[in-house]
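Q: What follows is each chain in one-letter form.
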Amino acid sequence: MTQVIDRRLSGKNKSAINRQRFIRRFKSQIKKAVSDAVSQRSITDMDKGEKVNIPTRDTSEPIFHHGPGGKRKIVHPGNTDFVAGDKVPRPQGGGGGKGSGKASNKGEGEDDFVFQLSREEFLEFFFEDLELPDLIKTQLKSVVEYKSRRAGYTTAGIPSNINIIRSLRGALARRMALSAPYARELKQKEEELDDILAAHGEGDPKVSLLREEIELLKIKINNVPFIDEFDIRYNNRVKDPVPSTQAVMFCIMDVSGSMNEERKDIAKRFFILLYLFLERNYENIDVVFIRHHTTAKEVDEEEFFYSRETGGTVVSSALELMHEIIDDRYPTSQWNIYAAQASDGDNWEGDSPACSELLMSKIMPTLQYYAYVEITAYEHQSLWYEYEKVKAHFPNFAMQDIAGLTSIYPVFRELFSKQQTQ
Amino acid sequence: MSRNIISDTSEWSFELIEKYDQEIARVAANFGLDTYPNQLEIISSEQMMDAYSSVGMPVQYHHWSFGKQFVSTERRYKRGQMGLAYEIVINSNPCIAYLMEENTMTMQALVIAHAAYGHNSFFKGNYLFRTWTNADAIVDYLLFAKNYIAHCEKRYGVQEVEAVLDSCHALMNHGVDRYKRPQKLSTAEEQLRQKEREEYLQSQVNDLWRTLPIVDSMKKQQQETRFPAEPQENILYFIEKNAPLMESWQREIVRIVRKIGQYFYPQRQTQVMNEGWATFWHYTILNQMYDEGLLSDGFMIEFLQSHTNVTAQPPYNSPYYSGINPYTLGFNMYMDIKRICEDPTDEDRAWFPDIAGSDWKKTLDFAMRNFKDESFIAQFLSPKLMRELKLFSVLDDDEKEMLEISAIHDEQGYRKLRQAMVDQYNLSTREPNIQIWNVNHKGDRSLTLRHIQHDRRPLDDTTADEVLKHLARLWGFTVRLETVSDDGHAEVTHEVKVEK
Numbered sequence: 001m002t003q004v005i006d007r008r009l010s011g012k013n014k015s016a017i018n019r020q021r022f023i024r025r026f027k028s029q030i031k032k033a034v035s036d037a038v039s040q041r042s043i044t045d046m047d048k049g050e051k052v053n054i055p056t057r058d059t060s061e062p063i064f065h066h067g068p069g070g071k072r073k074i075v076h077p078g079n080t081d082f083v084a085g086d087k088v089p090r091p092q093g094g095g096g097g098k099g100s101g102k103a104s105n106k107g108e109g110e111d112d113f114v115f116q117l118s119r120e121e122f123l124e125f126f127f128e129d130l131e132l133p134d135l136i137k138t139q140l141k142s143v144v145e146y147k148s149r150r151a152g153y154t155t156a157g158i159p160s161n162i163n164i165i166r167s168l169r170g171a172l173a174r175r176m177a178l179s180a181p182y183a184r185e186l187k188q189k190e191e192e193l194d195d196i197l198a199a200h201g202e203g204d205p206k207v208s209l210l211r212e213e214i215e216l217l218k219i220k221i222n223n224v225p226f227i228d229e230f231d232i233r234y235n236n237r238v239k240d241p242v243p244s245t246q247a248v249m250f251c252i253m254d255v256s257g258s259m260n261e262e263r264k265d266i267a268k269r270f271f272i273l274l275y276l277f278l279e280r281n282y283e284n285i286d287v288v289f290i291r292h293h294t295t296a297k298e299v300d301e302e303e304f305f306y307s308r309e310t311g312g313t314v315v316s317s318a319l320e321l322m323h324e325i326i327d328d329r330y331p332t333s334q335w336n337i338y339a340a341q342a343s344d345g346d347n348w349e350g351d352s353p354a355c356s357e358l359l360m361s362k363i364m365p366t367l368q369y370y371a372y373v374e375i376t377a378y379e380h381q382s383l384w385y386e387y388e389k390v391k392a393h394f395p396n397f398a399m400q401d402i403a404g405l406t407s408i409y410p411v412f413r414e415l416f417s418k419q420q421t422q
Numbered sequence: 001m002s003r004n005i006i007s008d009t010s011e012w013s014f015e016l017i018e019k020y021d022q023e024i025a026r027v028a029a030n031f032g033l034d035t036y037p038n039q040l041e042i043i044s045s046e047q048m049m050d051a052y053s054s055v056g057m058p059v060q061y062h063h064w065s066f067g068k069q070f071v072s073t074e075r076r077y078k079r080g081q082m083g084l085a086y087e088i089v090i091n092s093n094p095c096i097a098y099l100m101e102e103n104t105m106t107m108q109a110l111v112i113a114h115a116a117y118g119h120n121s122f123f124k125g126n127y128l129f130r131t132w133t134n135a136d137a138i139v140d141y142l143l144f145a146k147n148y149i150a151h152c153e154k155r156y157g158v159q160e161v162e163a164v165l166d167s168c169h170a171l172m173n174h175g176v177d178r179y180k181r182p183q184k185l186s187t188a189e190e191q192l193r194q195k196e197r198e199e200y201l202q203s204q205v206n207d208l209w210r211t212l213p214i215v216d217s218m219k220k221q222q223q224e225t226r227f228p229a230e231p232q233e234n235i236l237y238f239i240e241k242n243a244p245l246m247e248s249w250q251r252e253i254v255r256i257v258r259k260i261g262q263y264f265y266p267q268r269q270t271q272v273m274n275e276g277w278a279t280f281w282h283y284t285i286l287n288q289m290y291d292e293g294l295l296s297d298g299f300m301i302e303f304l305q306s307h308t309n310v311t312a313q314p315p316y317n318s319p320y321y322s323g324i325n326p327y328t329l330g331f332n333m334y335m336d337i338k339r340i341c342e343d344p345t346d347e348d349r350a351w352f353p354d355i356a357g358s359d360w361k362k363t364l365d366f367a368m369r370n371f372k373d374e375s376f377i378a379q380f381l382s383p384k385l386m387r388e389l390k391l392f393s394v395l396d397d398d399e400k401e402m403l404e405i406s407a408i409h410d411e412q413g414y415r416k417l418r419q420a421m422v423d424q425y426n427l428s429t430r431e432p433n434i435q436i437w438n439v440n441h442k443g444d445r446s447l448t449l450r451h452i453q454h455d456r457r458p459l460d461d462t463t464a465d466e467v468l469k470h471l472a473r474l475w476g477f478t479v480r481l482e483t484v485s486d487d488g489h490a491e492v493t494h495e496v497k498v499e500k
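Line by line, the protein sequences give chains L and U. Residues 1 to 422, numbered by this note's numbering, are exactly what the first sequence covers, in order. Residues 1 to 500, numbered by this note's numbering, are exactly what the second sequence covers, in order.
Isolated chain U (complex conformation):
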């Protein structure tokens, strides 16, 4: 093997970063990775903590909760309880990836391969990101949001704005459209539209609260119609459009939080796939470069040590266990798909007739583009991997005294296990199903939500009350939550009264 090592020192320099990046880009392109252009930013650890605490975004409006995040990150980092993650990457075009100045050259190369080529190609290729986020406009939109909120703070006071933001953050997870595709955004348009919306809303009397006298015959009919006619799952959207007492700037803030929540929605749905993909590619790319003689043995040892740390999965009874490590699961699944393509066993042929023996690059690309975590696991989690990770599922039923091991990694268990994994990664079973059910528009204007239980799983009562208080603040009138049990019986379980 010819040796043509790029560098043999742990110190990085701008020239070296560029050199490594060129090589990684070349190898990635050979493997067929399609990426946005990259923007690698060298930052200090303080700046990394800044980025951390504003959910990784380069521009973000001000809020105390980001300060809280910063304070706790800083404390843990300074006490050495955590290293900073070596990568933050932003789904934008160009794709922004941060490199920390403290890192060695090896780590910089690892981050470049992982973030700037792995995550980047995932952002560009995966259907959820393609449908739901607009990489071209996000940074501009965040800038618009930051300026708008700063403007509101000047005009209406920091505390007023903070109150609205607090309430919106509480409902952020319930401010996404799951099925409707949002429109693309651009700053100029957004500003124009915001003006138009404001003027329009100011000029309108909301039809819902029309106080003109109504003929008797119509009255009866109206009382029976529910509003909204269909239950609404996007609570923030409903608030933005229908909250009776809100000022237009408050509506705009609701909209901003909602839009940002929507932007992060795909990330929440593709954690395993996304991290696994990036990990698979840094591993594959750097190994390829080593095979080509570009990397030294020392480089590889440092890289492998870090890689192994990231993909380590402590077993359930270890003190370090905190759930399934998405890096491990994702990385192993892609490695496993590659193995099934290249070197299938009889079992693989029976389970994966379509992909066994196919071209691994195409299959992986297909898998990356067209799935989210739950469907990815349903489609590609193989019996071999379940055996390797020694997965088992535990049934926790509060009506029974003991926990039951419902399936393990054996012939009878594979399908059950896989189904349990799918449910575990399905956001709609992970998060409670809460929808806007009805507005009492003839009477006290109270708003009713419904929590539709699944498998009798209850809401956490204290936080539910807190969130309802926030909702009541936005809505301006009494808010109540009905719980619908598995047998369809509905009952009011939480209520926040607003006295007028």
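The shape of chain L in the complex, shown without the other chains:
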């Protein structure tokens, strides 16, 4: 009597709770891995999970077992040339010689327990107890879903994704490359043989020697493996979100002479974090980079972060440009607009009141959120005090000063923590 049951639709993710418990148990280690990642990654690199290493010692579940030492016999298969009574030196450090199960294997395993935090979990960790301000103008374009899309080839994957043509093409190339020197030699030897045969006939002692060498070369060519693990290529697929809600993020940075590399680096990390945070909440995000000194310019990401300019500082130029771009391309009925500004606080004295005026009258009403960080170790200047006025009027305006690289993460959390937005 046999019963066939289709269980595919029931009880998925049975291990979800166990996985959560595992993550909870090693929270401190994972958190550390996450914050390390933040200070090391670049913006293009952020959009993925994180490999977390936890020392095996911490995750191991101890049991009583034998350690190395004492006297024991182990049976192995595949004897080739041992006879009873042979003495062989003890293999050093692992190797094939460790037989009986757990005892020896675990004793040596000082490797880390490695696992992949998914992108979602990574970010979840990151944005724990953070919340964006209310989404007022969310406009659903379509249901949230992912679309799978081909994205080239990878060297690792599951067997069903092997791309045969790619793999075999690689194999062919490798075979040609590896056998080329032999083939060349072979051709040379064969010509030589023909010459000798034509000149002296079969009797020449060199003939048999050459024939042997030719045979050997043929064997060598044949021995180049037809296919190797190295050749295998897998189809790669990535999931693209089909947009459901969209947001645009303005990154405004001061690139005047007073912003040195270190300050820019801090600013960059600040933008990365905001970007990731938006990505968590919106399926489709546009990013607009605006850099300014005395005049403002819309640039691409590369130029934004990496090119240098010098000069004075007029912040309002950037705000003007932002306002124009919003009017032009991002109607508030369709876009959630966020802005992040990083500066060292320097501004042309007479420009600061213009900035707050511009923000309050034109820009803030269209924004979801405006975040300003001032990267300075000195006294605040006029811009800071003008912005404080803006802050008093708009609860969705936030400002904060950052002292150094190490304080980014905490500051970031504070900037977006639930309390502040309420």
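Think of the hints as simulated: they come from the structure by calculation, not from any bench. Note that the structure is a prediction, hence the values are computed from the model and not measured. Check each hint, because a few of them may be wrong.
[What the hints assert, rightly or not] With the Cβ distance kept under 7 Å, some of the chain U side facing chain L (calculated, not the full set):
1. D50
2. H62
3. V467
[Stated by the list, open to error] Label-pair restraints from in silico Cβ distances:
4. D8(U) - N236(L): 53 to 59 Å
5. F14(U) - I325(L): 56 to 62 Å
6. V4(L) - H454(U): 45 to 51 Å
7. Q159(U) - Y385(L): 48 to 54 Å
8. K51(L) - P319(U): 23 to 29 Å
[Claimed, not checked] In silico negatives: residues of chain U with every beta carbon more than 12 Å from chain L:
9. W64
10. A116
11. T131
12. E198
13. T225
14. R226
15. D291
16. I301
17. E347
18. D354
19. S358
20. R369
21. E388
22. R430
23. D444
24. P458
All residues carry an ideal CB built from backbone N, CA and C; glycine is no exception.
Since chain L is already given, all that's left is putting chain U on it; use the hints.
A: This is chain U only, laid out in the frame that chain L set:
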């Protein structure tokens, strides 16, 4: 040969699975396999990973260690470093076997023959499983355990429960009765008994800790008696019954872990026999079906490729070597027994006078029913197979500088080799012999364990300390471990102090 092929496509369907199952069942019955009814469950690869990480059980309580297992399985699977084993089968009645939806029809048929008829008949027939496990009740018991532990988590907090479970898991291998037969379980009874136990334990003052004044003459006598009177090898059982400070729910959790450990004990003792048996039968059944013209050549090639992978044994000097493959050893031993029955040589007649020339089906059935790995190897490992696998044994003595090849597959070596193999598969030499020795019940209530060394093999110190910490957590007072060397000399080697 007439051809009446069941299917010629690699796609499976429910109709086809049923058809194959009918044929396999018919062939298996003709060979005399006695099985529990089968329940074949089609699952996805995610679900297979779930099953993997909860030691294959359909219902399991929650614990972080299963999450850890899941996380590492998932990672390796996604990177293509491992295929999922194509079968998980549960010793229950009905016998539950999982079929993965990604598999081809050939693989499904292979799994049905392997798990639903091979393993299934082993579970039903082997004496260890018959004695120690109760296939009718296991799923119910696991459900009871899961609910009970979930209930405890609600009442006492997840972390409290997790701490007890961690400690119990560390001692799981030392929570089995090796010689006493456990009572059969059923859920209703278990629930009733659990209530009764709880009430009883609450109402009792444990005699061990009686604090009434004692007359002098009795005092002397009492001091000399050890507690427990006999050393106890079932550490978890001892804890469950005697740990002084435990709450009743904690005792119940100890009991649950102990029961589940006991359920898996036969599996640990019959790995070679069990896998070998299932492999032998999928091979025999599918070949028989091919001979009857039911299977196509394409089917057979795919099947044989998979079969060969499973039974491949890399030699000791190969980079892929990781010990003797139980599938290879078991499969070859059953094939060899069949050969000895059907076509014995003079050597076989000398070594196996009882079975040479007998009916192979009966002999195999006898072998499956009445042995565990060590006795199975002691009884049936033939010189021919030792030669084929080119077995050799290495003596590793830490007092000598070199390793010694103590025996190889030759006339002088067969018996020594076989003995070495038996020891290798003997759980009681594989696992350290640790027993509860004494409780200082007049003084600080400390608990003393003894590790009785064999061939001077030491415990792994770091893990021993960790495990003792867990034991101390359960016991509530100082715990120490004495090591008894081969010459009988005892010495305290590990100690975990609990300050009160």
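Q: Hint by hint, which ones does the structure fall short of?
A: 4, 9, 10, 21, 22, 24
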